[in-house]
Every structure is written in structure tokens, then in C-alpha cells.
Amino acid sequence: MKDYALLLKPRVMSLVVFTGLAGVYLAPGSIDFM
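Residue numbers (the working numbering): -9 to 24.
Since the hints were made in silico from the structure, they are not lab data. Please note: incorrect hints may appear among the correct ones.
Now the in silico label distances, taken between C-beta atoms and shown as ranges [as the list claims (entries may be wrong)]:
| no. | residue 1 | residue 2 | range |
| --- | --- | --- | --- |
| 1 | Pro18 | Lys(-8) | 41 to 47 angstroms |
| 2 | Asp(-7) | Val14 | 38 to 44 angstroms |
| 3 | Ala17 | Leu(-3) | 39 to 45 angstroms |
| 4 | Asp(-7) | Pro18 | 27 to 33 angstroms |
| 5 | Tyr15 | Tyr(-6) | 29 to 35 angstroms |
| 6 | Tyr(-6) | Leu16 | 31 to 37 angstroms |
| 7 | Leu16 | Ala(-5) | 29 to 35 angstroms |
| 8 | Lys(-8) | Ala12 | 26 to 32 angstroms |
| 9 | Val14 | Lys(-8) | 30 to 36 angstroms |
| 10 | Lys(-8) | Gly13 | 30 to 36 angstroms |
| 11 | Asp(-7) | Gly13 | 29 to 35 angstroms |
| 12 | Val14 | Tyr(-6) | 26 to 32 angstroms |
Don't be surprised by glycine CBs; every beta carbon is placed ideally from N, CA and C.
Kindly produce the complete structure, drawing on both the sequences and the hints.
In C-alpha cells:
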């Protein structure tokens, strides 16, 4: 079970990061980091 969690965690984290970046990219320009 521990090996499965270790295998799954990077994939979940990359998915979270990808969806976050996609949300920022698709947002109507109201978010400015610079």
C-alpha cells in the first residue's frame, strides 16, 4: 500500500499543478503576478 501511495503522489501533484496553471491561464486576465 505504501509503494502504491509513493507511486501515485507525484502524479496527483503534477495534476494539481497543471490544473492550477490552466486555471490561471484561462482566467480572464484579472490575476496579475507581475
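* Asked: Can you list which hints this structure breaks, lowest number first?
  -> Per hint list: 2, 3 and 4 violated.
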